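A.B. asks: Chain residues, written in single-letter form:
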Amino acid sequence: MKGIIFAFIGGAFITLQGIANTRISGDIGTWQAATITQFTGFIMAFIILMFVRDSNWKDFKQVKPLYLIGGAFAAIVIFSNVASIQRIGVTLSISAILIAQLIITFIIDSNGWFGLKKQKVKLPQLIGIGMMIAGVVILRS
Amino acid sequence: MILGLLFAIIAGALVALQNIFNSKVNERAGSWATTTLVLGLGFLASLTFGLLFEGKQLFHLENMKLWYWFSGLIGVGVVVCLVQGIKRLGPTYAIVIALTSQLLIALLGDTLGWLGLAKVPFTFNQLLGVLVIVGGIIVFKFGGSFEKQKVFTLPFVKGNKVSEVQK
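In the order they appear, the protein sequences are chains A and B.
Read in order, the letters of the first sequence are residues 1 to 141 in this note's numbering.
Read in order, the letters of the second sequence are residues 142 to 308 in this note's numbering.
Pulled out of the complex, with its shape left as it was, chain A reads as follows:
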């Protein structure tokens, strides 16, 4: 039960983050919003890291440099997220983001890019994607 609540709140926070960023962008600008929220988040995570110390710097050295820069995508993600919510609202925006996300990951997985083990494409995954797209069509009808 506790796990369900944690997972549910985690998801709710993701949406809330998009809504808050949209609001803040309206008042002070999108790049400002992205810079400030990432900065305060970073400081907080850093403080927690100082307490838990769950790794040391050497751990990062074992990671291929390309994979270390994933965090930088956040700037464009936040900008696009806000621009999208402003134009089509939260529900449609989040739906489209999730579908795009699942499809891209699915493509990467089934081609075995980025050193991932190639996955066979099976019917349920295609049906699932079809249902999600149908849901968006219903959503905006």
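Just so you know, nobody snuck in bad clues.
With a straight-line cut-off of 27 Å between C-alpha atoms, the simulated BS3-like cross-links for lysine-lysine are:
no.: 1; chain 1: A; residue 1: 61; chain 2: A; residue 2: 118
no.: 2; chain 1: A; residue 1: 117; chain 2: A; residue 2: 61
no.: 3; chain 1: A; residue 1: 117; chain 2: A; residue 2: 58
no.: 4; chain 1: A; residue 1: 120; chain 2: A; residue 2: 64
no.: 5; chain 1: A; residue 1: 64; chain 2: A; residue 2: 117
no.: 6; chain 1: A; residue 1: 117; chain 2: B; residue 2: 228
no.: 7; chain 1: A; residue 1: 2; chain 2: B; residue 2: 228
no.: 8; chain 1: A; residue 1: 58; chain 2: B; residue 2: 228
no.: 9; chain 1: A; residue 1: 64; chain 2: A; residue 2: 118
By construction, these hints were calculated from the structure, which means they are not laboratory data.
What you are looking at is a predicted structure, and each value in this text was computed from that prediction instead of being measured.
Position chain B against the provided structure of chain A, taking the given hints into account.
C.D. replies: Just chain B now, kept in the frame of chain A:
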């Protein structure tokens, strides 16, 4: 409309890439070290784009409200909740629940016009649409094959990590 969807698709595609990259970092480093790195780079990238497009204007924060400083903490909350949820439920269940709540909370936020959003009146079609999408996610995630689920739909998903990296 089209532009709004296009922005959403760009965001979704980058989130997908980011989650794969972050999972790879998380395989070697702990969740908090990974989170700190990810948010730190997100900050630097936002600062760089901000300076590039707006110059000094980036630091004009006239309409700043106090809570704006704290909203970045939501991102930290996301990590705490997901790490805990996955620890208790395993990645597949936790992710399906989190994706579902993302959509339901979005519908609620639109309907109530949270934080000054333009209210989108609630309709039956909207609820139906969200439910069909959730159904699709469930079929996608639980529908056989893809046995060692490697679809990283959320960041820092330990059990969902790329454990079988091709050598």
